[in-house]
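Given chain A's structure and the hints, the job is docking chain B onto it.
These protein sequences, in sequence, are chains A and B. Quick note: to get our numbering, add 33 to the position in the first sequence (first position is 1). Quick note: to get our numbering, add 699 to the position in the second sequence (first position is 1).
These are computed hints drawn from the structure, not numbers from a lab. Owing to the predicted nature of the structure, the values given are computational and were not obtained by experimental measurement. Every residue, glycine too, gets a C-beta built ideally from N, C-alpha and C. Be a bit skeptical, because a hint or two may be false.
[What the hints assert, rightly or not] Simulated restraints on C-beta separations:
1. A:Asp54 to B:Glu741: 18 to 24 Å
2. B:Ser863 to A:Arg104: 37 to 43 Å
3. B:Leu885 to A:Gly53: 31 to 37 Å
4. A:Arg69 to B:Glu854: 24 to 30 Å
5. A:Pro57 to B:His829: 34 to 40 Å
6. B:Glu823 to A:Gly53: 33 to 39 Å
7. B:Gly850 to A:Glu195: 27 to 33 Å
8. A:Lys105 to B:Gly850: 37 to 43 Å
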Amino acid sequence: MNEEHISEEQLVLFYYGEAGDAAPIDSHLSQCERCRAEYRAVQTVLNTVDTAPVPERGAEYGTSVWQRIERKVGARKKSRWFSWWIWAPASVAMLALAFWAGRITHRVEAPSNVAGGQVRERILLVAVGDHLERSQMVLAEISNAPAGRGKIDISEQQQMAEDLLDSNRLYRQTANRTGDTAVANVLDDLERVLLEIANSPAQIDQGQLSDLREQIKDRGLLFKIRVIGSKVQQEERAPAPKQEDSKQGTKL
Amino acid sequence: MEESDGAAVVRAQAGDGDAFRVLVERHSRSVFRLAYRMTGHEQDAEDVVQETFLRAYKQLSHYESRSSFSTWLYRIASNYSLDLIRMRKRHEDKREASTEEGRSPLDTVAAADPAQDRLVFSNEVQERVHRAMKDLSDLERSAFVLRHFEGLSIEDIGGMLGTSLNATKHSIFRAVQKLRKQLEPLVTPAA
Numbered sequence: 034m035n036e037e038h039i040s041e042e043q044l045v046l047f048y049y050g051e052a053g054d055a056a057p058i059d060s061h062l063s064q065c066e067r068c069r070a071e072y073r074a075v076q077t078v079l080n081t082v083d084t085a086p087v088p089e090r091g092a093e094y095g096t097s098v099w100q101r102i103e104r105k106v107g108a109r110k111k112s113r114w115f116s117w118w119i120w121a122p123a124s125v126a127m128l129a130l131a132f133w134a135g136r137i138t139h140r141v142e143a144p145s146n147v148a149g150g151q152v153r154e155r156i157l158l159v160a161v162g163d164h165l166e167r168s169q170m171v172l173a174e175i176s177n178a179p180a181g182r183g184k185i186d187i188s189e190q191q192q193m194a195e196d197l198l199d200s201n202r203l204y205r206q207t208a209n210r211t212g213d214t215a216v217a218n219v220l221d222d223l224e225r226v227l228l229e230i231a232n233s234p235a236q237i238d239q240g241q242l243s244d245l246r247e248q249i250k251d252r253g254l255l256f257k258i259r260v261i262g263s264k265v266q267q268e269e270r271a272p273a274p275k276q277e278d279s280k281q282g283t284k285l
Numbered sequence: 700m701e702e703s704d705g706a707a708v709v710r711a712q713a714g715d716g717d718a719f720r721v722l723v724e725r726h727s728r729s730v731f732r733l734a735y736r737m738t739g740h741e742q743d744a745e746d747v748v749q750e751t752f753l754r755a756y757k758q759l760s761h762y763e764s765r766s767s768f769s770t771w772l773y774r775i776a777s778n779y780s781l782d783l784i785r786m787r788k789r790h791e792d793k794r795e796a797s798t799e800e801g802r803s804p805l806d807t808v809a810a811a812d813p814a815q816d817r818l819v820f821s822n823e824v825q826e827r828v829h830r831a832m833k834d835l836s837d838l839e840r841s842a843f844v845l846r847h848f849e850g851l852s853i854e855d856i857g858g859m860l861g862t863s864l865n866a867t868k869h870s871i872f873r874a875v876q877k878l879r880k881q882l883e884p885l886v887t888p889a890a
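Next up, chain A with everything else stripped away, as it sits in the complex (with noise of 0.2 Å):
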């Protein structure tokens, strides 16, 4: 049996015990010194990979966990018509809009109203950094949903997509009035696939879950969504600009 030698993918699937049948590779390694020092270098790499330590959690890790995520777990039970997110946008979108329309028609603004353009926008930030948060949250959860043979019921995700379609058309239309076409590109992507799942059956079978992800997925948007939150919480935290600079304006 020594002409032929056992690739490295089936030592690989023997290590793990996903060979299917073990005993020709067992007879052959018996006999094959060549093939018996390979399976020895990979047995040894496993076993070093397995010294690398985890960070130790005690007995009571499990509730400490428990405790960390009881109120948040509580909070979802609560109605829906007093869940921030479904009253939040409305009130982002006001702001936005009366933030815009000043940045609009006030590009250059006197010092003296250089502070308070600075505590708008700041707002503006989190408000655009919220709903990119929660429109994340909706696409993770139809990414996640379980695969099974029944239909699945999407009617939460699609009440929090519908919610988040108006605050989102907003936002798309002043980054393209802004010119910012990156973001207004991202958001237009968003848009549809909200749309998308607002406009989709509350029980949906496999079929329509797989088109959903495959939408979420050849778009790219969840990474495209984080990529826009991170460089929004960089504006966020970055520091006040000066008086030159405020007056440009500071994109999304």
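Structure of chain B alone, referenced to chain A:
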């Protein structure tokens, strides 16, 4: 007798918060281990644990007992870990550069004491394992961690990652090849 995951899930699906607590307490440590191996960062792993259970709670009504509850949880945890990894990747080069700059020249001097030698060697191996794991692609790392550390079957892993049986096998194989390339010079005695 300890209540099974299946029974606790049924109670939790019926709105029993205490049943969900049982599941959180039972699976937190294993989710943490998985998340740490996927992300390589303790704080990220903590975030993954918390988010995994919040998402699991939200999606509990969608859970069907075709796969075990822990496999379902691992799927959520590994997906979220991948999201985090992608997000962090952008900052990695910067972070690595500063770590290199901050390394004292003394760190590279061989220790005279044999015990100290072993410790330095062991630290170097661990550092190399850590780096080698980070160099794997997202798919390779996920498939490898789930097979090597969590002992899931290749079929289950394929189901979780949405990849075919062959693609999953190939990802694991590629991961092992890359690990060998990085680690063999360090751990294989010279002939």
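Against the structure, the hints:
{"no.": "1", "hint": "A:Asp54 to B:Glu741: 18 to 24 Å", "result": "violated, 42 Å"}
{"no.": "2", "hint": "B:Ser863 to A:Arg104: 37 to 43 Å", "result": "holds, 42 Å"}
{"no.": "3", "hint": "B:Leu885 to A:Gly53: 31 to 37 Å", "result": "holds, 32 Å"}
{"no.": "4", "hint": "A:Arg69 to B:Glu854: 24 to 30 Å", "result": "holds, 29 Å"}
{"no.": "5", "hint": "A:Pro57 to B:His829: 34 to 40 Å", "result": "holds, 37 Å"}
{"no.": "6", "hint": "B:Glu823 to A:Gly53: 33 to 39 Å", "result": "holds, 37 Å"}
{"no.": "7", "hint": "B:Gly850 to A:Glu195: 27 to 33 Å", "result": "violated, 42 Å"}
{"no.": "8", "hint": "A:Lys105 to B:Gly850: 37 to 43 Å", "result": "violated, 31 Å"}
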